[in-house]
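S.K.: Each chain, written out:
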Amino acid sequence: MRRRAGSLLWVLLCVAVLLLLALPGRTSATTAVPQQGDTTLGDVTVVVEPMSSSVVLGDDLALQITVANGGAAATDPMVLHLDILDRNNEGSVDPEDWTSTLTRPIAEIPAGGSTNVSWTVQPISAGTFIAYAVVVKPSGTGLTASNLAEVMVEDRRSLNPGNILPLAIGAPLVVGGALALQLGLGRRSGRDGRRTVGVEGSTGGSST
Amino acid sequence: MSDSDRNGASDQVDPRLAVATSDLSVTYGTLTAVDRVTLQVRRGSICGLLGPNGAGKTSMIRALTTIVPLAGGTASVAGHPLTDPVSVRANIGVLPESNGYPGSQTGLTYLRYFGRLYGMGADEAEQRALHLLSQVGLQNNRSRISTYSRGMRQRLGLARALIHQPAVLFLDEPTLGLDPTGKDEIMTELARLAVESETSIFLCTHLLDEVERICDQVAIMDRGRVVAHGTVAEIIDASGAEGFARIRVRPEVIPAADEVLRRTNATRSIRFDNSRPGDLVVAIDNDHGAAASMLRALLDADIEPRAFDFQGARLSDAFRALTNGRTEVARAEVRT
Amino acid sequence: MTAAVPEARRTGLAGNTRPTVGWPVVARHEIGQLWSDGKGLSILFGFTLLLSILGYLASADAGINLLDARESVGLIVTVSIALGTLGAMVVSADAISGERERDTLEALLVTPVPRRHIVVGKLLAATTVWVATLLVALPFAVVMAGGPGVTRDAVTVLLVSGSLSAAALTALGLAISSLAWSNRTSLAISLAVLLALAAPSQLPAVRSSTTLGPILIKLNPVSASLRLAENVLVRQEPWADQIAFVISPAVAAVVFTLVAIRLARRLELGGSR
Numbered sequence: 001m002r003r004r005a006g007s008l009l010w011v012l013l014c015v016a017v018l019l020l021l022a023l024p025g026r027t028s029a030t031t032a033v034p035q036q037g038d039t040t041l042g043d044v045t046v047v048v049e050p051m052s053s054s055v056v057l058g059d060d061l062a063l064q065i066t067v068a069n070g071g072a073a074a075t076d077p078m079v080l081h082l083d084i085l086d087r088n089n090e091g092s093v094d095p096e097d098w099t100s101t102l103t104r105p106i107a108e109i110p111a112g113g114s115t116n117v118s119w120t121v122q123p124i125s126a127g128t129f130i131a132y133a134v135v136v137k138p139s140g141t142g143l144t145a146s147n148l149a150e151v152m153v154e155d156r157r158s159l160n161p162g163n164i165l166p167l168a169i170g171a172p173l174v175v176g177g178a179l180a181l182q183l184g185l186g187r188r189s190g191r192d193g194r195r196t197v198g199v200e201g202s203t204g205g206s207s208t
Numbered sequence: 209m210s211d212s213d214r215n216g217a218s219d220q221v222d223p224r225l226a227v228a229t230s231d232l233s234v235t236y237g238t239l240t241a242v243d244r245v246t247l248q249v250r251r252g253s254i255c256g257l258l259g260p261n262g263a264g265k266t267s268m269i270r271a272l273t274t275i276v277p278l279a280g281g282t283a284s285v286a287g288h289p290l291t292d293p294v295s296v297r298a299n300i301g302v303l304p305e306s307n308g309y310p311g312s313q314t315g316l317t318y319l320r321y322f323g324r325l326y327g328m329g330a331d332e333a334e335q336r337a338l339h340l341l342s343q344v345g346l347q348n349n350r351s352r353i354s355t356y357s358r359g360m361r362q363r364l365g366l367a368r369a370l371i372h373q374p375a376v377l378f379l380d381e382p383t384l385g386l387d388p389t390g391k392d393e394i395m396t397e398l399a400r401l402a403v404e405s406e407t408s409i410f411l412c413t414h415l416l417d418e419v420e421r422i423c424d425q426v427a428i429m430d431r432g433r434v435v436a437h438g439t440v441a442e443i444i445d446a447s448g449a450e451g452f453a454r455i456r457v458r459p460e461v462i463p464a465a466d467e468v469l470r471r472t473n474a475t476r477s478i479r480f481d482n483s484r485p486g487d488l489v490v491a492i493d494n495d496h497g498a499a500a501s502m503l504r505a506l507l508d509a510d511i512e513p514r515a516f517d518f519q520g521a522r523l524s525d526a527f528r529a530l531t532n533g534r535t536e537v538a539r540a541e542v543r544t
Numbered sequence: 545m546t547a548a549v550p551e552a553r554r555t556g557l558a559g560n561t562r563p564t565v566g567w568p569v570v571a572r573h574e575i576g577q578l579w580s581d582g583k584g585l586s587i588l589f590g591f592t593l594l595l596s597i598l599g600y601l602a603s604a605d606a607g608i609n610l611l612d613a614r615e616s617v618g619l620i621v622t623v624s625i626a627l628g629t630l631g632a633m634v635v636s637a638d639a640i641s642g643e644r645e646r647d648t649l650e651a652l653l654v655t656p657v658p659r660r661h662i663v664v665g666k667l668l669a670a671t672t673v674w675v676a677t678l679l680v681a682l683p684f685a686v687v688m689a690g691g692p693g694v695t696r697d698a699v700t701v702l703l704v705s706g707s708l709s710a711a712a713l714t715a716l717g718l719a720i721s722s723l724a725w726s727n728r729t730s731l732a733i734s735l736a737v738l739l740a741l742a743a744p745s746q747l748p749a750v751r752s753s754t755t756l757g758p759i760l761i762k763l764n765p766v767s768a769s770l771r772l773a774e775n776v777l778v779r780q781e782p783w784a785d786q787i788a789f790v791i792s793p794a795v796a797a798v799v800f801t802l803v804a805i806r807l808a809r810r811l812e813l814g815g816s817r
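So the protein lines, in turn, are chains A, B and C.
Position 101 (the first sequence) corresponds to 101 in my numbering; numbering is contiguous.
Position 30 (the second sequence) corresponds to 238 in my numbering; numbering is contiguous.
Position 182 (the third sequence) corresponds to 726 in my numbering; numbering is contiguous.
Only chain A is shown next, with the shape it has when bound in the complex (with noise of 0.2 Å):
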């Protein structure tokens, strides 16, 4: 009975530890995905538009960042950083396929203004994705992010990309069918392609 109450015991135990050793996991998870409202930057807030976004892959889809300031003065120079999650994979997507530029300059904003910032972003891949923003103070500690906004990409299979594929297949058949045509002359007036044709069997060469 007291072995048994012993093992029971030790499974308790080890049960706390991994819950222990679980608990930092799901609160930097809960962290990772800032809410929107979060305004450690004073008033300043940010939206991302539109909410919801469909767009097929290939396309261009431009984002509408929106960075006010709801606060009695003005802001200092901020740094505005675009990031993208893959949703269904709940794993992070490198924003550097999306776009060639992950932070953009935000000047000061003065009271009660606002800043609009166009994002241009290319999805790489089909799937439903997050786009959000976040703007931080270079010299401070906190940021302040913006809602999250869902992208949905479709995918898209073009057998003739960027209309390429007459070419593609156009300017090899032409130069081979001439190399054939080609060929097949030389073989039928019984010639042996770009052989050069000597006197002796060897370059001889041993007079003097």
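Treat the hints with caution; some may be incorrect.
As the list claims (entries may be wrong) - Just a sample of chain C residues kept apart from chain A, beta carbon distances all over 10 Å, derived:
1. 634
2. 757
3. 788
Unchecked claim - One side only, chain C facing chain A, incomplete, derived with CB under 8 Å:
4. 582
5. 586
6. 592
7. 593
8. 596
9. 599
10. 607
11. 608
12. 609
13. 680
14. 684
15. 688
16. 691
Unchecked claim - To give an idea of the chain B side of the interface with chain C (calculated C-beta under 10 Å), a few residues:
17. 270
18. 298
19. 300
20. 301
21. 306
22. 307
23. 309
24. 321
25. 368
Since the hints were made in silico from the structure, they are not lab data.
For every residue, glycine included, the Cβ atom is placed at its ideal position computed from N, Cα and C.
Here the structure of chain A is known, so what remains is to put chains B and C in place on it, guided by the hints.
M.R.: Only chains B and C this time, still in chain A's reference frame:
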């Protein structure tokens, strides 16, 4: 260094000479291929250049055709000094020993191209090419050179060398690899060319019988030097080569005949031909006078020859004597 | 050998002491040979096939944004320059050493055509390989550059930078061919030189270097040409900033051509004596 600098100067050019060299030397690094050769070949003549392998024949031709620079001496070809290589090239035709052909071209295209290179217009080059193809028996062959036999290629090469009707024609082993008929055709054609078109021919070959037949001048090279130069007769005389007389007498008088012949001044040696009893093979001086005196001595001794055959020294004998029997003689004698 | 010699009149150059202006004859003949015996078309077919595959894949990637459209244009243009130059260089590297090896050089050297004319004719013939590859590359560049709107830049880069680079390397190949005793040696050295010149622009150490790297790339005609294409087409840098990348290919084209012509005076048979 320019062509002019490298090929030496020849201030005095004799227009009666197709080729004239004075102390001409050709070197490759430390190897002296042609060593101070002085030679004169008359215009309109056929000069045979003979010598064992490594004697310097090809180097001599390459020097005279402006392919390799002279290491020393002077030379002129077709009345132009080698210091003026463009003029020399414009007046010579060359068929090198190892001449390659573009297999994908036809004979006509090949000749036409070289006609253009010698400054002919398109029509002129075409006509000249057709004429030469006819001359060398290739007029009906429209196929590519890769289908040509060895003899056909060599004849095409000869036609190419003649495309601009050169004053001097240099031929390095033009009959190499040809069958007997092909060799005869080439050599006969050369003899005809020299006579009919007044082309001087500088012929490097191992066919000593043919040289004897068509060449009016011969130069024999050995180890880079010309060891003999002149007509065939002069070369043979100068070489000291022996003539041979085969005498058949009755077997019982052989000892007497042997004694009589040994007393004759013209006799150099006597041997008995065991395969034919009664035959004596006598090496004698290379002239008919020697043969006559030998015959007279036999008759004076009442020894009546049943058969008498005199063979004067041949160019091959002279060649062997002058080059100490090295190398090519055997090759020349086994030609087919 | 049946017909008699019809006349003894010398219609050739006997007595003529002027050198024949032979480069147009040599060039015409060499071009005819190059494009009629399958060699030129084989090179062009390989080039076209490779460019087609690459162009299609790059367009497909650009179509789904895996590759920036400008980058795809830059890729096609730089590959066209590199492969077109390679094709022309292979032909020029064979021009003299090939004749030497096939025993056809001596017959050419004993003609009154000045040797520099022979070299110039052969150089022009080899250059037609670049012209042909350019004619194939231009439609690809135009179609692919239409999207990002850099058609004029792509065409200009091919015409200017590509042509200068090809001219320089073709002349270099011919110079190497004049000196090499065997065709294999000539081709091996030429390809090694091309690789050595093209490699620096792709080496991370050189690309990232801020001191010696840019100088090396500008001095090297091949890497300068490739970098110019990248700068103009991908990075959209203005043409006015690219002068430094045009100078070395232009200088190399002139210098290597002069060297090839200069070496022509020393053309030798080599090998047999």
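S.K.: Hint by hint, which ones does this structure get wrong, listed from lowest number up?
M.R.: The structure breaks none of the hints.
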